[in-house]
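Chain A is fixed; fit chain B onto it per the hints.
So the protein lines, in turn, are chains A and B. The numbering used here puts the first sequence at residues 1 to 361. The numbering used here puts the second sequence at residues 1 to 102.
Take the hints with a grain of salt, since some may be wrong.
Unchecked claim - Just a sample of chain B residues kept apart from chain A, beta carbon distances all over 10 Å, derived:
hint : residue
1    : GLU5
2    : LYS16
3    : SER37
4    : ASP52
As the list claims (entries may be wrong) - Below, computed lysine-lysine pairings styled on DSSO-like, alpha-carbon distance capped at 27 Å:
hint : chain 1 : residue 1 : chain 2 : residue 2
5    : B       : LYS14     : A       : LYS152
6    : A       : LYS83     : B       : LYS14
7    : B       : LYS98     : A       : LYS102
8    : A       : LYS48     : B       : LYS98
Said to hold, decoys possible - Okay, the calculated beta carbon distance ranges per label pair:
hint : chain 1 : residue 1 : chain 2 : residue 2 : range
9    : B       : ASP52     : A       : GLU220    : 38 to 46 Å
10   : A       : ASP228    : B       : GLU31     : 50 to 58 Å
11   : B       : THR17     : A       : TYR214    : 52 to 60 Å
12   : B       : ASP13     : A       : ARG60     : 16 to 24 Å
13   : B       : LEU101    : A       : TYR190    : 42 to 50 Å
14   : A       : ALA200    : B       : THR17     : 45 to 53 Å
15   : A       : LYS196    : B       : THR17     : 50 to 58 Å
16   : B       : ASN78     : A       : LYS108    : 27 to 35 Å
17   : B       : GLY75     : A       : TYR214    : 31 to 39 Å
18   : B       : TYR51     : A       : GLU220    : 35 to 43 Å
19   : A       : LYS106    : B       : LEU101    : 21 to 29 Å
20   : A       : TYR190    : B       : ASP52     : 37 to 45 Å
21   : A       : GLY321    : B       : PRO85     : 36 to 44 Å
22   : A       : LYS106    : B       : ASN74     : 27 to 35 Å
Please keep in mind that the hints were generated in silico from the structure rather than gathered at the bench. Note that the structure is a prediction, hence the values are computed from the model and not measured. Glycine included, every Cβ here is placed at the ideal spot set by N, Cα and C.
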Amino acid sequence: MREVDIAIIGGGPAGLMAANAAASSGASVLVLERDGHLGGQLVKQTHKFFGSEKQYASTRGIYIANILEDKLKEMPDKVEIWKSATAVGLYEDGILAVAKDKAIKKVKAKRFVVATGASEKSLTFVNNELPGIYGAGAVQTLMNVNGVRPGKRVLMVGAGNIGLIVSYQLLQAGVEVAAIIDAAPCIGGYLVHASKIRRAGVPIITSHTVTRAYGNESVEGATIVGLDEQWQPLPGSERELDVDVICISVGLSPLAELLWHAGCEMHYIPQLGGHVPVRDGNLKTSVDSVYIAGDITGIEEASSAMVEGRLAGLTASASIGFKHDDYEAEVLDCKEQLKSLRAGPVGEHINQGMALVMSGE
Amino acid sequence: MLRIEEHPILTFDKSKTVSFTFDGKTIEGYEGDTIASALHAAGVKVMGHHYDSGRPRGFYCAIGNCGACLMVVNGEPNVRVCVEPLVEGVVVETQSNKGDLV
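Pulled out of the complex, with its shape left as it was, chain A reads as follows:
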């Protein structure tokens, strides 16, 4: 059995920042990553980040993963990394079961930072499981990691930031985007992304949804329909689109299985994307040894995931006696950064959701 001060589950932006903060606080750290490489979904994010310098704003996501990994390599005596290692169970005696090399290994840790991220939601329509219907993140991975186009002509469903960004990346890869549709009456993503897409000639059609995909073995077309103010289909407004890919970008849900298993108190909070754990201001769940960071706390962007990772790494370490030299200032700084990232209209629903799962401090 491997023993460590802090086990971090997930080697994405939140987990890597947590590892860094915990190791610089003096704790021994084990990072577990399911994939064969670190960085999580950063590895496919070719766009430049927003936020402030502390969250690597104006750097492309694909490079941030390397920056974070390099920082961990500077502390080899404190940080161990297991890749291709999947955490499959978190037990009440503080033992984590990890599937690695076709065996189950046990990890005993004093604290856990669960930073497992999120999975893409699906959408209900006729034939919604035909090959050629992909999550927006899947299309991003295929294009930006593997260099393969998803098809020739795409219908993008969802005009949030991911839908807009991935549409632009499709154009960069030489794929035609027939249209971006969204059931809401207005565009959910940032105007700066939407303008870029529209300038490239892609229509963004609001108050519309997809009702049917057709094709024998894979997508050959899609039917879209207009929606009225009650989000009901408008009779006679159906249109056929000649596309071979339907890209679904309707949001993400936290990947919270380990938290359920660990016995954390969970609530369904639509503003945060699904079931999320009750937590305090230091990102500790209702189970004393379990901390959280990133999309598992509620769906946001990689910028806030990195700050939450840093915060959870600091607070989890301090709770077992490894207090960072500048602990108070660092923690305050994280909290201020989160506050500023969640300011403005986009952060409003996040703040509402967070208030519903915040326990008293």
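Showing chain B alone in chain A's frame:
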């Protein structure tokens, strides 16, 4: 051909080809591919059929979450090919049942 040839930000290393078989047919991909990306680049979107309804299945999430892309790889069923690195000579087959425990 679905490979990206020119990209404003990214370059893709295509120096090392990797050949493998898909349902008996030889296909070439590149080092760095997953089995799913190599198949997709070769125009293969259907990776299996549902064990009960027989409807075609392709990948959905491409990061190993959803389990829509299960195939038989070197005789082992239920491999998530969207996260399985492509290696030389691997034998890939479509899967249309639940697979047996080996």
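Numbers of the earlier hints that this structure fails to satisfy, in rising order: 1, 3, 8, 9, 11, 14, 15, 18
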